[in-house]
Structure formats: structure tokens, C-alpha cells
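Letter by letter, the chains look like this.
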Amino acid sequence: MAQVKKAIDKFGLPRIIILVFFFVLIITAGVLNMNVPALLGDVIRRWGMYGILVLAMVPGIQCGIGPNFGVTIGISGGLLGALISIELRDKGFFENFSHNATLDAFMGIFVALLLALIFASVFGILYGMLLNRVKGSEMTVSTYVGFSVVALFNILWLVLPFRSKTSIWPLAGDGLRNTISLEADYKEVFNNFLGFKIGGIYIPTGLLLIFFLACFCVWLFLRSRNGIMMSAAGANPVYAKAAGINVDKMRILGTTLSTALGGIGIVMYAQSFGFLQLYNATQMMGFSCVASVLIGGASINRASIINVLIGTFLFQGILAVALPVANMLLPEGQLSEILRIIISNGIILYALSKSKGGTR
Amino acid sequence: MNTKKKLNVRSLLRDNNVTILFIVLCIGAYFASGTTLNFLLPELFTRIGRNTFMVLSLLIPVVAGLGLNFGIVIGAASAQIAIFLVLLMGVKGLPGLLLCVVICTPLAIFFGYLIGRLFNSMKGTEMIGGLVAGYFSDGLYQLLFLFVLGGIIPIANKTLMISTGVGVKNTMKLGDKAGLKYALDNIPMINILDVLFWGGLVASALILLYRLLKKQPLGIGRILKFFVPVAAVYALSFIPVVGRFLGTNRLLLLNAIELGALVAVIVSVIKIIKMKAIDKKAGLPKKEIMGIVIAALAYGATYIPPLFSAFSVVKLPVMTYVCIAGLVIFTSWFLNTKLGQEMRTVGQNRAVANSAGINVDRVRIIAMIMSTVLASYGQLISLQNIGTVATYGSHQQVGLYAIAALLVGGASVQQANAKQAVLGVVLFHTLFILSPVAGKQLLGNAMIGEYFRVFVAYGVIALSLAMHAWSKLMKGKEAAAKAEAAEAKS
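Chains E and Y, in that order, are what the protein sequence lines are.
For the first sequence, my numbering begins at 1 and goes up steadily by one.
For the second sequence, my numbering begins at 1 and goes up steadily by one.
Looking at chain E on its own, in the form it has when it is part of the complex (with noise of 0.2 Å):
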């Protein structure tokens, strides 16, 4: 029984409860004769489309900046440069090198990552900068910062001189639009790329590899000097800084990976998607990854691969296959989203409560 308890200890219970409750849900669906290989598809898809979004959180929490609320100035980042994407393919810029629409497709979702990728860094250089001088209270002005930045960007959103058509709104209205359809560019380009069907189940090649190789890359990092000297400085700072190892520096480079991660992120996210979502869609963004983490078993001090792949999987599966099975069952809707408020906010709760504390 002791046994019991200390697995169940171990393992949490928040994990247990979301376990149980997926595959309630699972066998739910089965009962009410719903598709439920076309449901583990769908949750495949969005553990694809999440992951590197929550893997992003891996370095943060590393480099002992905590769970990575303000991953949205990443995602921000990446939005600006699928957009540039966008605008270049409107101006015929990849048709300079090819004529093939799959090429075209390809080109433009690379251009996409890597501008994303410039941007997060560079912003993210910048917000660890700003963490180094706010150390201790990293979650609370890290969730402001993202707010204020998302804010920011809705502003710039009206105000960037972006003309393809596809982005800005047609007639009336100053401008890009609310959501951006990405059908003309590169949707689900990966998702497609040597994609699959085995029993009823449709299995996105292209985009689990990226995903996986996203993982293995930050994997492969956290083993390598930097990521040990990083993953020290984020376990026990003064320790660190004893051993010789520039704290503040390490805590920039998780910070700044933490961005980037966030930058490609979004646009995974957005091709697997199908579309790009601006203004204030993104701003929860942040909790969601955190929770997805903290599901998988992290804590907001310590936080693995596997973490990812299990709390992605977990969450985006719950959040998959509830909605359909909430609909079938209660026809009036937003009951998938009031759970995904509900479990993301309340393991974020669970993981805070569990950290810090004492009865002084």
C-alpha cells in the first residue's frame, strides 16, 4: 500500500486524474459510435502542432527563469516573420528559383522559420536581459511582459506596411486581418510530406519529424557543455557562480533558446493550422504551453524532453477528443474550451502550490 502511495506520489495526481479522465473520454467516444481513429489522428496532429511550442519551455525552465509565461514575445516574433514570408511569395519572390507549387510551398515555410528564428532570438536576447534584472519574480513580470508585447504588436499589426492580399482585409477596414489563411503558402506542408494512413489512423509524417527533431536538437543541447553549465546555473545559482559558470549569461541563452523555440513554434503551429491567428489569439498562448509542461510531469524548476512528449500528448489529447464528445453530448458548445481553461490554469495552480511554501 505504502508502495502504492509513493508510486502515485511520485508519478502526481493531477497526472493520474488527466490519465483516467483521456481515457474516459476515449472509451466515451467508442460508446457514442463516434470515428475514434479519425480522434487519435486529430490528437496526433495536435501533439505535432503543439509540441515545440511546449518544448520551448524546456530551457526556460532550465536556465532557472521558470515556466516561460512570456513565450508569446516569441511566437509575436515568429508571426512577423511568417508574414514577411507571405509578403515575399506575394511579390513573386520564390518564383524566381522554381515553378513547382510544392518547392514554392517549401520555400516559403523556410523562409518563414528562419525569419522567426531572427526575430525570437533577437528578442529574446533582449528579454533575458530584462529577466536578469527581475530575478525571483521571473513568472509574474514575464506574463506582463508577454501581455504588453502581444498588445504591442496588435498596434503594429495596423500599422506595418504588409499589401499582399491575402494578409490585409479586402475592402474596409486598416490593417491585417484577424486570421490569415495560409492555403495560397505552405498549409500543411509538413503535415502532408510522406503522411500516412495505418488503421483509419492519418499520421503526419513530416511534422512528427520536426517535431522530433526539435526535440532530439534541444535533447542533444542540454547535454552538451553549454547545456550543463545552463542547466546548473538554473538548479543552483550560487553553486554555479562558484564553479566559475556566468549565470546571467547561461540564463540569456535559455531565455533566448526558450523565444526561438517559441518563434518556430508558431509557425508549425500555423501550418498545421492552416492558418496564421494575429492580435490578441496569441496571448494565452503562454499558459497553455506551461500547463501542457507541467502536465507531463515538470515542475516549474525542473522540466525534461519527456515532459513534452507526455504533457502535449495528454492535454492536446484531452482537449482533441473532449470537444467532439462534448458536443455529442451537450449540443450548446464551449465546454472544451472551459475545460482547457480549467485544467491549464488549475495544473499551473497545482505545480505553484507544490513549489514554494512553509508555515512562515
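None of these hints come from the bench; they were simulated from the model.
Treat the hints loosely; a few may be bogus.
Among chain E residues calculated to face chain Y with C-beta under 8 Å, some are [said to hold, decoys possible]:
{"hint": "1", "residue": "Val-122"}
{"hint": "2", "residue": "Ile-125"}
{"hint": "3", "residue": "Met-129"}
{"hint": "4", "residue": "Arg-133"}
{"hint": "5", "residue": "Gly-136"}
{"hint": "6", "residue": "Thr-143"}
{"hint": "7", "residue": "Ile-341"}
{"hint": "8", "residue": "Leu-352"}
Cβ coordinates follow ideal geometry from the N, Cα and C atoms, glycine included.
Starting from the known structure of chain E, arrange chain Y on it as the hints suggest.
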């Protein structure tokens, strides 16, 4: 002398940089928008009436060291639950509003207790915890209003529910038939006076009786000091002209300034007479003379034509402003009671408070309960003035705007007072009103102004949190360096 003054100016600028930046922004936005005071002031005073109570509800947790209480969203949500129930029961007017208070108080106490418990398990991360707790409770709130009401608990009232019968409509109207709109704003001054007079009479009698029985000093002087002015005004209200004036529920800002100046002059004159004739003190009564001068200046300002016309279009809902003033007085009184002092101690240093025998966790929970209850009242005040409840939206941004306003007034995570709250509300809402207009004038797009003010709200919070964290870090470093230096010496 000269250098000292210079330093003071510099530290004044440094300590109030957010406030000064906001004053500059407000002035800039005012001229850029090209509006008149006649547009700005009525809007501004409406918003002051709506929001100041809510901002004041943030003060107690700051004093108790819990930082800025993002959990007030939960208090606001409990107010909306109470409003829904009262609308369901169909109680109108002031009784309806009082019923809202009766229902939302235990709710807010319960939620406040839960948040307090939660915050005790995450000391040091209360602010992010409060923010997340707000979102979390918003999820539960949506679950309650969209599915439980009508879905699990059957609700017969068709006007409140969505046509399917499951879930509450997007807006709950408080005006017209519901009769809750302006329930507080519309209380005539004469009734307030009645309650003050008779309530004061009964309360004084009870206090005197209590002290008589306990054989304590009676302290009649202090009671009279409060009671005589009230009785005097009450007596005046029997003069027909004054009675008719007091029978209304709105006070023109113009009249308010005139009355305020008059009262200030009377009080100052009485004080001067007391000093000179009774206490026989030497020297000039500087403070009192200043008071008279300021009152005279304020009165004189009403003769400037643009100000005159603006002041005569602003109508203050008296009872709401009385409530706000009452909360200001209550908070400053409370912080000087034993419990209030304990909160201060806990806020300054938990370890010291603990070793002084204060139950830290209990004090923190009480602070959270008080804040949540006050926030729910604040939401009631705000909603009865607006007249419609956005069922799924009214509570969401409450924390953001209240906290931003408090910070704009010069407060920080560790210290905040009523003056900063009021100044903050004035500045923040001035910019809030002006920025869309200014955006349209300057850039031809009102949306830019809208986004700008949201950016400002978030930005102000980010900036002051960052500055607070930075200064804390710097202090820690300085202390460490000093300790190191001391060690090196020895």
C-alpha cells in the same frame, strides 16, 4: 540647502516616475484629442464613481505583504452570482441591491478564504498565483453559468436564460424592469442624512450606555465632534430650500466644490479661533491658512468660463461617493487597529511577525477575505452604475484595470495608500477615455488608441513589477556587498 533641494527633486522624479509619465501622457492625449473638458469630466467622474471602490479593495493585501491581489476577479465573479440570484428572485431597487450584498458577502468570504489558503501554500509567488487562480475560477464560473444553471439546476425564468433553457444569456440587464440600475446612485442625500442622524444618535447612545455600565471615561467630546455637524446639517434640512436641494440624489460638481470650499473655510476658521482664543498658541496657523487659500482658489476656479461650464455638467451620484469615502476612512481606521498592525508586521517581515507570536497564515487569510469581499462590493457598485452585466466578461478585466490604476497612482507591490488609489484612478481613466479619441485624431484610427490603452495597462503593470523586482535585487546585492565588506574588515 541648494544641493539638498536638487536631490529632493531628483528623488521625487525617480520615486514617482510612472505617475509623472502618466501625467505627461494624459496632458498630451488631452491636447492631441482636441476634446473639451465638457466631454472629459462627466465621463471621468462616472468612471471614478464606478472603479475607485474596487481599486481601494487592493490596499489591504498590499499592506499584508501579499502583493497586488489579482484574485479580486473572484470577488467580482461572486458579485455577479449574487446579481443573477437577485434578478431571479425579482427583488428591485435598493432592497434588491441590499439583497445582493447579503448574498455575495458569504460567497466572497468563502472564496477569499480559499484564495488565502491557496496563497499560503505559494508564498512568494502570490501574484502569478492570483492571476492564474482568477483564470481558473473564470473557467468554473463559465461552467456554472453555461451548463449548471439550466442544465442541472432548472431555471424557470425565460428572460435570463438562453432560448434552449441551458445557460445564462450573454448580458443581464439591470435597468428597466429589473430595477437595479442606479439602485445605489439614486439614493437621495436627505435619506443619507436621515440614516447618519438617527443611526448616529442610536450609536452614540449605545456607546455612552456601554461606557457608563463599564465605568469607562465617557469621551463625550469626541462623540459630539462627530454628532454636532451632522445634527446641524440635519436641522438645516428643515429649511425648504435646503430640503429641496438635499432631496435630489445627484450633486453638481460645481455645487460640490462650492460646498467643499465652504466647509473647508468653516473648519479652518473654527480651528484658528480655537487655537488663538482657547489654547492661546503663538505663531501663525500655517496649515489652516493654506486650507483657506486652497478653498478660495478652488472656488475662484469655478469662475473661469470653461471650467464653470464643465463643472456644471458633471453630476456626482452622492451615495456612491459617500461609500468610497467611507471605505477610505474604514481602511485607514482598520490599519491602525490591532489586526491592522499585525497585517503591517506580517507584510514587512513574516519571520519577525511569526516570532512575535502573530499567526501569519491566519492574518494573511483574513486580508484576502477582506479584499475579496470589498472587491465584490466594488463590482456591485460598478455594475449598478453601468446597468448591464456582461455575464461572461464584466469580471474578467477587473483585476487588470484596478491594479494598473493603483500602480499609476504611484503605489508599488509593497506599499499603497488611498491617495495613490484615487490619483491612479483619475489618471488611468483620463488616459482611457482620451486615447481612442487621440488615436483617431493623430493617426485616423480609433483602434490604435484602443490597443494603445490596453498596451499601457499591461505595460504599466509589467514596468512597475520589473522595477520593483530590480530594486529588490539591487538592495539584496548592496546588503550582500556590505556584509562582505564588513567581513573583510574583521
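Okay, the hints, checked on the actual structure:
| no. | hint | verdict |
| --- | --- | --- |
| 1 | Val-122 | violated (19 Å) |
| 2 | Ile-125 | violated (17 Å) |
| 3 | Met-129 | violated (12 Å) |
| 4 | Arg-133 | holds (5 Å) |
| 5 | Gly-136 | holds (6 Å) |
| 6 | Thr-143 | holds (6 Å) |
| 7 | Ile-341 | holds (3 Å) |
| 8 | Leu-352 | holds (5 Å) |
Violated hints, in rising order: 1, 2 and 3; the structure is consistent with all others.
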